[in-house]
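There are 2 protein chains.
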Amino acid sequence: MTREPARLAAAETVAVELGERGYDILIGPGLIAGAGPELARRFPGARYAIVTDETVAGHHLEPLAASLTDAGLAYSSIVITPGEASKSFEVFGDVVDGVLSARLERGDLLIALGGGVVGDLVGFVAGVVRRGMRFVQVPTTLLAQVDSSVGGKTGINTRHGKNLVGVFHQPSLVLADTGALDTLAPRDFRAGYAEVAKYGLIDDPAFFAWLETHWQEVFAGGAARIQAVATSCRAKAHVVRIDEKETGPRALLNLGHTFGHALEAITGYDGSRLVHGEAVSIGMVLAHDFSVRMNLCSPDDAARARAHLEAIGLPVSPRQVPGGVGTADDLMAAIFQDKKVKRGRLTFILTRGIGQSFIADDVAPDVVRAFLAEQI
Amino acid sequence: MTREPARLAAAETVAVELGERGYDILIGPGLIAGAGPELARRFPGARYAIVTDETVAGHHLEPLAASLTDAGLAYSSIVITPGEASKSFEVFGDVVDGVLSARLERGDLLIALGGGVVGDLVGFVAGVVRRGMRFVQVPTTLLAQVDSSVGGKTGINTRHGKNLVGVFHQPSLVLADTGALDTLAPRDFRAGYAEVAKYGLIDDPAFFAWLETHWQEVFAGGAARIQAVATSCRAKAHVVRIDEKETGPRALLNLGHTFGHALEAITGYDGSRLVHGEAVSIGMVLAHDFSVRMNLCSPDDAARARAHLEAIGLPVSPRQVPGGVGTADDLMAAIFQDKKVKRGRLTFILTRGIGQSFIADDVAPDVVRAFLAEQI
Ligand SMILES: NC(=O)c1ccc[n+]([C@@H]2O[C@H](COP(=O)([O-])OP(=O)(O)OC[C@H]3O[C@@H](n4cnc5c(N)ncnc54)[C@H](O)[C@@H]3O)[C@@H](O)[C@H]2O)c1
Ligand SMILES: NC(=O)c1ccc[n+]([C@@H]2O[C@H](COP(=O)([O-])OP(=O)(O)OC[C@H]3O[C@@H](n4cnc5c(N)ncnc54)[C@H](O)[C@@H]3O)[C@@H](O)[C@H]2O)c1
Ligand SMILES: [Zn+2]
Ligand SMILES: [Zn+2]
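Chains D and B, in that order, give the protein sequences.
Residue numbering for the first sequence follows full-length UniProt numbering, beginning at 1 and increasing consecutively.
Residue numbering for the second sequence follows full-length UniProt numbering, beginning at 1 and increasing consecutively.
Okay, chain D solo, but in the shape it has when bound (with noise of 0.2 angstroms):
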């Protein structure tokens, strides 16, 4: 048997340019089983822990210690529970308890295997161990592939929120295994879809025209799921590059997410009703809605996005929440939870069109609420 020492042959390579806190994200079916020559190759003498949970672990673990041990790399493993409850305060000081327990030292990297939650969640942990070890995001849903695994946002949840604690630390480098895709849940898939979509409603009418056509192709894996991860992680890597800390544009990436977020406080966050894409899905569907109501789009801009998600089979309407979502009243106090208000006006992404967001910062909350009124 002989060993391949050449480089990992990534279907495509996005670069986050960030000065000294730049990055590439590789993108490509393999890319687990072929980490550890990567790695060897990017970061000589180091040692690791790898980070992952229970579910993905079971597909995935294997695969990526043996290709770390191949290449003659340490490593230990710690293994979380699944699920946005993971993000907590215990789970953090675990997890920090572990990597000490390693003796991973400065030098030496976290690797962050799964989803959002552990990304998110090890993220954090990378940033402030010794005061900030270096990462490398392996993610293994759509979401994380497209979002959270690129940009440097980390943090866990409190009772008063989500997200409300946490760093802005940025990987060195990520892997995102399309193949690992495979092994998804359908429902998980479709969720992750929605912030694909997201970024051709955004600004990028080519794109979107593209899903229109490819999609299936998407979720049947292969070179368009490859080119759908590519331009997404692209367009992330554009907005973060140009706001890194999220004091302006960046904020474009919060399209369908006020409503969104306001749908998924509403179900208490429980998966088994809405997950966050779902959620994300409707709300981009309300804010072309109400961007038609303002006079800002067209109807038929509204219908193409709207009938886009619906193929996917994404809920498009809160109607479609399981136990449903409460009075305009409800929605409209969780949106204040979640918003800023700046003198009285609320500020939403909405568009002009196919691709064509923008910030609004001075949207009155009563002509939300009467639109909210009638989608209920």
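Since the hints were made in silico from the structure, they are not lab data.
Mixed in with the good hints there might be a few duds.
Given that identical chains are not distinguished, each listed pair holds provided it fits within a single copy or across any two copies.
[Unchecked claim] Derived SDA-like pairs: lysine to any residue, alpha-carbon spacing no greater than 20 angstroms straight-line:
#	residue 1	residue 2
1	Lys-162	Gly-107
2	Lys-162	Ser-101
3	Lys-245	Asp-361
4	Lys-245	Arg-134
5	Lys-162	Asp-97
6	Lys-245	Gln-320
7	Lys-245	Gly-98
8	Lys-245	Asp-338
9	Lys-245	Val-167
10	Lys-162	Lys-245
11	Lys-245	Arg-21
12	Lys-162	Asp-361
13	Lys-245	Glu-105
14	Lys-162	Arg-106
15	Lys-162	Leu-100
16	Lys-245	Arg-234
17	Lys-162	Gly-98
18	Lys-245	Arg-106
19	Lys-245	Pro-82
20	Lys-162	Ala-251
Since chain D is already given, all that's left is putting chain B with the ligands on it; use the hints.
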């Protein structure tokens, strides 16, 4: 009664030049009782959460709170248990929760009112709540005024060691009220003074000579104390500016600390036996004596360093530590725990004389062990 809207007349201002992360250190008496107008001027519209410990609250919370109220500033306060044990995951979680309960937002500020424990903990909380809030250091121990409040190192302890979890997060302002030190226990004042003397011993022989003549005035308060604090802050600010993330020359600040940390570890961080500044005092004397042994430093200069610390009332030998410090092997084991060893060699801060310290990264462990065996 007339309100005083004028600028706070600090006796000294030291600017920490770190670009957009730069800030001022104001040094002088009355800064706590005069904080309100200064904060109102610098941070228009902000609200505050004051975090302090019970002991400091007893002396200084009321004047600070009254000053904020007089200036029309809204604040809430969070009081923790005094002592090193509060630099824990648990108290960290509690303070985060308190800050979020106070409904502070990203533009608002935390105020760390207390010694290094409060400063390190609150700095870390500020660094992670909403991925970074601004904070003001109001150091009330001499150690905190000349060392821990400047430079942005924040953090908490874990069962694996001290300060292993934290972030670099610079304050937005430091108010070093030299009058607040009047309520400090004499032993804590002396311990902080070891770090003042350290700045002279590192690279400022004129400052050391000045301290030899003026130390009694520094202890008494007034202009000499302001000058000692300001000179120390200027020295630390300079090192922080050229090496913010501690990858190079900032290591000079560890003069006396390799031996000192070993002594603290061996005495189980039991402040009744040895506090940090006392350990540093012994450590600095050992660093000088060891430098004499290596033919780097003259015996006269080492004697001067020892004599000054002894005059202050600080311990200068491991033999003075109540309960003893174990064997030379115990000390070496503690040193190896604390330091990274490069190819069997240790890094120490050694010296060629008063104010002539340097980083030596090739010290042979055997030579250190033989030296220590004679000192205990
Ligand atoms: N940091 C950011 O910028 C950012 C952006 C968006 C979302 N997020 C965060 O991401 C999180 C959601 O991420 P998510 O949707 O990936 O959730 P997740 O990490 O909980 O993954 C969803 C489920 O899929 C399982 N799973 C993951 N990969 C799998 C695979 N390849 N095969 C089979 N099962 C697999 C997981 O065990 C989990 O049960 C939220 O906490 C959200 O706040 C962060
Ligand atoms: N961040 C850094 O760069 C840095 C540098 C050096 C030390 N430190 C940290 O600083 C901590 C030690 O700081 P410290 O020595 O100030 O300890 P501390 O904060 O525990 O204060 C010592 C004691 O003095 C009391 N006290 C504080 N101010 C007082 C006042 N004005 N009057 C009366 N009592 C007062 C406190 O309640 C406490 O009991 C350690 O945790 C150490 O790791 C940090
Ligand atoms: Zn999202
Ligand atoms: Zn010290």
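Against the structure, the hints come out as follows:
1. Proximity of Lys-162 to Gly-107 under the C-alpha cut-off of 20 angstroms is restricted to the inter-copy arrangement: shortest distance 19 angstroms between copies versus 30 angstroms within a copy.
2. Taking the shortest Cα distances, Lys-162 and Ser-101 sit within 20 angstroms of each other only across copies (14 angstroms), while inside one copy they are farther apart (28 angstroms).
3. Within a single copy, Lys-245 and Asp-361 get their C-alpha atoms as close as 19 angstroms, which meets the 20 angstroms cut-off; across copies the closest is 37 angstroms, which misses it.
4. With identical chains, the CA atoms of Lys-245 and Arg-134 are at most 20 angstroms apart both within one copy (19 angstroms) and between copies (14 angstroms).
5. Taking CA atoms no more than 20 angstroms apart as the test, Lys-162 paired with Asp-97 passes between copies only; the shortest distance there is 13 angstroms, against 23 angstroms inside one copy.
6. In this assembly of identical chains, Lys-245 and Gln-320 lie within 20 angstroms of each other by CA distance neither inside one copy nor across copies; the values are 35 angstroms within and 51 angstroms between.
7. When the C-alpha separation of Lys-245 and Gly-98 is checked against a cutoff of 20 angstroms, the pair qualifies neither within a copy, at 29 angstroms, nor between copies, at 25 angstroms.
8. In this homomeric assembly, Lys-245 and Asp-338 come within 20 angstroms of each other (Cα to Cα) only inside a single copy, at 18 angstroms, whereas the closest approach across copies is 34 angstroms.
9. For the homomeric pair Lys-245 and Val-167, the shortest alpha-carbon distances inside one copy (10 angstroms) and between copies (16 angstroms) are both at most 20 angstroms.
10. Only within a single protomer do Lys-162 and Lys-245 lie at most 20 angstroms apart by alpha-carbon distance; the minimum there is 18 angstroms, versus 30 angstroms between protomers.
11. Taking CA atoms no more than 20 angstroms apart as the test, Lys-245 paired with Arg-21 passes in both settings, with 13 angstroms inside one copy and 14 angstroms between copies.
12. For the identical chains of this complex, Lys-162 and Asp-361 are neighbours neither inside a copy (23 angstroms) nor across copies (45 angstroms), given an alpha-carbon limit of 20 angstroms.
13. Proximity of Lys-245 to Glu-105 under the C-alpha cut-off of 20 angstroms is restricted to the inter-copy arrangement: shortest distance 16 angstroms between copies versus 27 angstroms within a copy.
14. Proximity of Lys-162 and Arg-106 under a CA criterion of 20 angstroms is satisfied inter-copy only: 15 angstroms between copies versus 29 angstroms inside one chain copy.
15. Within a single copy, Lys-162 and Leu-100 get their C-alpha atoms only as close as 26 angstroms, which misses the 20 angstroms cut-off; across copies the closest is 12 angstroms, which meets it.
16. Taking the shortest alpha-carbon separations for Lys-245 and Arg-234, only the intra-copy value of 18 angstroms comes in at or below 20 angstroms, while the best inter-copy value is 30 angstroms.
17. In this homomeric assembly, Lys-162 and Gly-98 come within 20 angstroms of each other (Cα to Cα) only across copies, at 16 angstroms, whereas the closest approach inside a single copy is 24 angstroms.
18. In the homo-oligomer, the alpha carbons of Lys-245 and Arg-106 lie at most 20 angstroms apart only across protomers (12 angstroms), although the nearest pairing inside one protomer, at 24 angstroms, exceeds that limit.
19. Proximity of Lys-245 to Pro-82 under the C-alpha cut-off of 20 angstroms is found in neither arrangement, the shortest distances being 28 angstroms within a copy and 35 angstroms between copies.
20. In the homo-oligomer, the alpha carbons of Lys-162 and Ala-251 lie at most 20 angstroms apart inside one protomer (17 angstroms), although the nearest pairing across protomers, at 38 angstroms, exceeds that limit.
Violated hints, in rising order: 6, 7, 12, 19; the structure is consistent with all others.
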